[in-house]
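K.L.:
The primary structure of each chain is shown beneath.
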Amino acid sequence: MEDSLSPVALLIDQLKNEDTQVRLNSIRRISTIAKSIGPERTRKELIHFLTESTDDEDEVLLALSEELGGFIDLVGGAEHASSILPPLESLAAIVEETTVREKAVESLNKVAEAIPNESFKDTFVQLVKRLSSGDWFTSRTSACGLYAVAYRKSSEDTRKELRSSFLQLCKDETPMVRRSAASSFGNVVRQFTKEQVREEVLPIFNQLASDDQDSVRLLSIDACCAVSSLFKNEENVQIIIPVISNCVSDKSWRVRYTVADKICELAQCLGPELTKSNLVSFFIKLLKDNEPEVRTAAALRVQGFGSLSSTDVIIKQILPAIKPLITDQSQHVRAALASNIMGLSTILQREKTVEHLVEIFMALLKDDYPDVRLNIISKLDVINSVVGIELLSQSLLPAIVDLAEDRQWRVRLAIIEFIPLLGSQLGVQFFDEKLSNLCLTWLGDSVCAIREAATLNVRKLAEGTDVSSLEFDLGKSPEAQVISASKAEAHAALQLASEAENMLAGISDPARRKALENAIREVRSWAEKVENAADELSRNPGDPQLQAALSLAQIELGKSIQEVLLRAEDQSNPDEQVAEAMAQMKMDEGAHSNSAKQNQFLEDAQSLLAVITATFGGAKLSPQETIANAKKLSDTANQLAATLREIASKVSDPVLKEKFLQSAKIIKDGGIQLKILSAVRAAGSDDKSGTVGNAVKGLQTNIQEVVNQIQADSLKQKFRGIVQSTMNINRVVKAWRRNK
Amino acid sequence: MAAPSTDNLEWKFSQVFGEGRGSVEEVQEIDVLSCIEFDHSGDFIAVGDRGGRIVIFEREDKAEKNSKDKKKARSPEYKFYTEFQSHELEFDCLKSLEIEEKINKIKWCSRSNNAHFLLSTNDKTVKLWKVHEKKIKAVSSYNHNNKAGIKTARDLQIPTLDTRELVVAHSPRRVFSNAHAYHINSISLNSDGETYISSDDLRINLWNLGISDQSFNIVDIKPANMEELTEVITSAEFHPKSCHLFMYSSSKGTIKLADMRASALCDQHAKVFEETDTGSKSFFSEIISSISDIKFSKDGRYILSRDYMTLKVWDINMESRPVRTIQIHDNLKTKLCDLYENDCIFDKFECTMSHDGNLLMTGSYHNFFNIYDRNSKNEVQLEATKVASKIKKPTKMKGGLKKKSKDEISPDNIEFGKKILHAAWHPSDHLVAVGAANNLYLFHAN
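As they're listed, the protein sequences go chains P and S. Heads up, the first sequence is in the working numbering, so the first residue is 1 and it goes up one at a time. Heads up, the second sequence is in the working numbering, so the first residue is 741 and it goes up one at a time.
Among these hints, one or two may not hold up.
Said to hold, decoys possible - Below, simulated DSS-like cross-link-like pairs (lysine-lysine); rule was C-alpha separation at most 25 Å, straight line: (1) S:K842 <-> P:K44; (2) P:K16 <-> S:K992; (3) P:K285 <-> P:K262; (4) S:K981 <-> P:K251; (5) S:K835 <-> S:K867; (6) S:K1075 <-> S:K981; (7) S:K891 <-> P:K44; (8) P:K44 <-> S:K875; (9) S:K981 <-> P:K171; (10) S:K891 <-> P:K35; (11) S:K891 <-> S:K874; (12) S:K877 <-> P:K16; (13) P:K16 <-> S:K1126; (14) P:K16 <-> S:K891; (15) S:K1038 <-> P:K171; (16) S:K874 <-> P:K16; (17) P:K251 <-> S:K1011; (18) S:K1011 <-> S:K992.
To be verified - Just some of the chain S residues that point at chain P, by a computed CB distance under 8 Å: (19) D863; (20) S880; (21) Y882.
The hints are simulated quantities; they were obtained by calculation from the structure and are not laboratory data. Just so you know, even glycine gets a beta-carbon here, dropped at the ideal spot from N, CA and C.
Looking at chain P on its own, in the form it has when it is part of the complex:
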């Protein structure tokens, strides 16, 4: 017995531990304590104790308020539910932290439901009265949240009292209490009869709606719904519409903002008739408000409000009011409109969308502010389902490309996330031609988050669409990717060759035919070599010579393919696609030769490193020898730096270029430093402090770092280059097949 009770004993002791966290933990499990000691002692002792300990940290009190809400069974069921009230009352009354009070009110509401009707008046109603007449506004604000349940569970005579005291709170001198009363106004008033509302509530309601404090007035809008539900349309024209009308032209923008924010709820409460006759004009007024915040809120309700009004109203009244927003000064208004207006197309259906909405979409797609365009693009699925994407695709592409290269990486990120969706909507053809390039450039973005998203994107694409040009496995190492990409390239080249062979027959000029035949043979042989080199490399990964051989073969393959294209195409009437691909290849050739230069650099650097280890690694050298060696080393380092600068000059990626230039400087500086140090040392005595040795070591590590970096970068670059050229080849093959 003792064993099972000692944890509970500990838990009880911890209720008053010094450490907040321990107390919190204990409060969280207070139901365990209550269960152990049984309902009677819970009522008599535990609840009493908790009532005494309402002076604690907020987090503990918050937990306590929440736990007490579930105490009804623990104190012995509904008949004893009222015993939980004292601690909750003191929490609701004096704690200054709003969240704690709100939680206590929530729990009080739960407990109130359980209290039997016979004792309700003497317990809960009394509590509400005490709170309502509390000295501090905190207790009165809490009271406001209890009236709804108190009223519902009370008999008619008590109700009368409750009514008057609630309405008294609505007139409280503290704005905080009036705000709280205005918030619960709807829930309480809903339970009044129509006559009571008319006689007692309406004056108060009007008073709230014209309160001095903006913050009270704007809450009265919520109450409009509750009040309006009791009346017929004709009466609401007298009662509610003037209130809303006042709010719409309120001096305070926050009040107008709230109307704009709540316009859909209002339209629902008041029904279609009043919406048409009154709310539409209010809504239009809000769309034209002076304050951008209000216009933004209104623009965000265009779809919602539209779905509650007729097509006719949308076209004749709302759309004319929306049009000026397309060129609104505030980008936030435009962005809000862009995120929402697409929804109208489902309401208007195809024909009317084409007629009225498409021009708005187009205009927004050309907006200067990226968020606006992004919002349109992100909702494309809606319009796709209504009118199909073709209508927009012409203006879509430039917008997407623009966003893809936006300076803000968040914008790029957002568009990446929509690419799979776009891919599926626009079709494989469109994607292959226009978008696959973008997807690949993102893989090399300078922002990490973009690269991450881009890889995910590629995977989604691979799952969702059949995009041949993206066939590579992202799980592999960069080199493995290069290898598989190279194979794909060789494969594409062979396809190109056989396509070109088919064209042989169509060429009448024998000399040209001969030349093409030769070129095709070249392509085949180089493609084979590329494949072999790739195989070789996959067997011996990391071998620099094999890497060089592969790039060399690829360069030759590229040249031979160009040759084929040149011969196969009718030069007087070149196919547009093919010509474009050729131009691309010309450009890539430069990159290829640069990669050859990088290979050269890598080789040089490796050999230099070898020399360093050989000369400075082991044997002790005489001063003369050291000088000579150091001088030689520094010269080589200089040359290396020059090569690196040359490479950098041909790299198009600015980040990479900067990196290379920096490395070149480091190597060069290292070389010079070495030279100076060795001269100093030779002039003086022995290198006791090992400064030369250190300088050499420094140079060594620097070069090694650059080498590693270039290796990694060049692989990435190479990969991109290969994928690019594969795509070009595929493009030509496709064009030819089509022409045939």
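Since chain P is already given, all that's left is putting chain S on it; use the hints.
P.N.:
Structure of chain S alone, referenced to chain P:
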């Protein structure tokens, strides 16, 4: 409504807090008071100092203040209530700048329960403090003390609590930081009870008391190019009744009234209170026209402003000129050069109004401060000093007929090191609190 005559008001010294004999030299820099504020009931005074501390004094005769005869008989007595460290010296590593711990302003929040809440600010960070009387409760009957062991659930003991003593506890509730690039010069609570503004040299931000991680910028006078900067904000205050109105003063001597209803950003002011140039310009006129403090009267009808040489009362309905301009220390006009030399010309004197708006007070040098009747020529000059012979006699408000009285001190003998920058008026009584160096003086009239 006719204002009650002030002819019979007799001002006399009531209390002084703080060590030392009142001479400037022996005062530690960190002990110098930097702000004074009465709470809404007048039962508490909060004082901030350069060392980042807040000291609160409590009225001793709170219980008996309702009985009227006793109130007449005795001047109110305050006693020490609590003291705590509000701000610490900080270092902004990014800007390589030290952030002083000096409390620039304290404001009492309206009470929501039996605890007090006050906002305090240094140059960068506003903090919300809770000060309350905490019952120290001792726990008896722990279960682990139960030697007999716990055999059944009957043996489990719920702790019983005995109240041992009351202590005044303080705890930081919220820290509103990282919203000001420049130095915060004022904070002001809104009448809606849930928001407040904080103003620095170029911007004013609006906060919700419950939310510390976001604020809204409502005024921004920072020019695109800082070289075009011609004025800075020196003070800002909410209207005491209308939650949407607030005003801010500038170093150019203007007071702008802005309406938050009109738009989210209040750069467009609703009214400008500015005196069209009067009299001659001099090298110093720009410096001395900078407004150091502005206050609304309790009903929100009048605005009191203080610049270096004058105290002005503006009617909120008349923008063109003040309804009253009072020269504070005319005798310094010839000394402006010296004041510029010793930097005194940049001193920021506060001003304050009595609860009914009829009496105005502001400080001066040599530990003098002046109380003026807004409606008549009555005025009185008092000195905050610990010299016993000077403080005993009550001083009547007199018609200031600008005659050279014997006791008016010649400008050459004024001690510029002694000055009364900070002042506060009791919210319902003729009781003023002024700060001179490290001392808090209370003066009372009946």
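K.L.:
Hint by hint, note whether the structure agrees.
P.N.:
How the hints compare with the structure:
| no. | hint | result |
| --- | --- | --- |
| 1 | S:K842 <-> P:K44 | violated (51 Å) |
| 2 | P:K16 <-> S:K992 | violated (58 Å) |
| 3 | P:K285 <-> P:K262 | holds (14 Å) |
| 4 | S:K981 <-> P:K251 | holds (17 Å) |
| 5 | S:K835 <-> S:K867 | holds (22 Å) |
| 6 | S:K1075 <-> S:K981 | violated (41 Å) |
| 7 | S:K891 <-> P:K44 | holds (21 Å) |
| 8 | P:K44 <-> S:K875 | holds (23 Å) |
| 9 | S:K981 <-> P:K171 | holds (16 Å) |
| 10 | S:K891 <-> P:K35 | holds (16 Å) |
| 11 | S:K891 <-> S:K874 | violated (37 Å) |
| 12 | S:K877 <-> P:K16 | holds (10 Å) |
| 13 | P:K16 <-> S:K1126 | violated (50 Å) |
| 14 | P:K16 <-> S:K891 | holds (23 Å) |
| 15 | S:K1038 <-> P:K171 | holds (22 Å) |
| 16 | S:K874 <-> P:K16 | holds (15 Å) |
| 17 | P:K251 <-> S:K1011 | holds (16 Å) |
| 18 | S:K1011 <-> S:K992 | holds (15 Å) |
| 19 | D863 | violated (27 Å) |
| 20 | S880 | violated (10 Å) |
| 21 | Y882 | holds (5 Å) |
Of the hints listed earlier, those the structure fails to meet are numbers 1, 2, 6, 11, 13, 19 and 20, in rising order.
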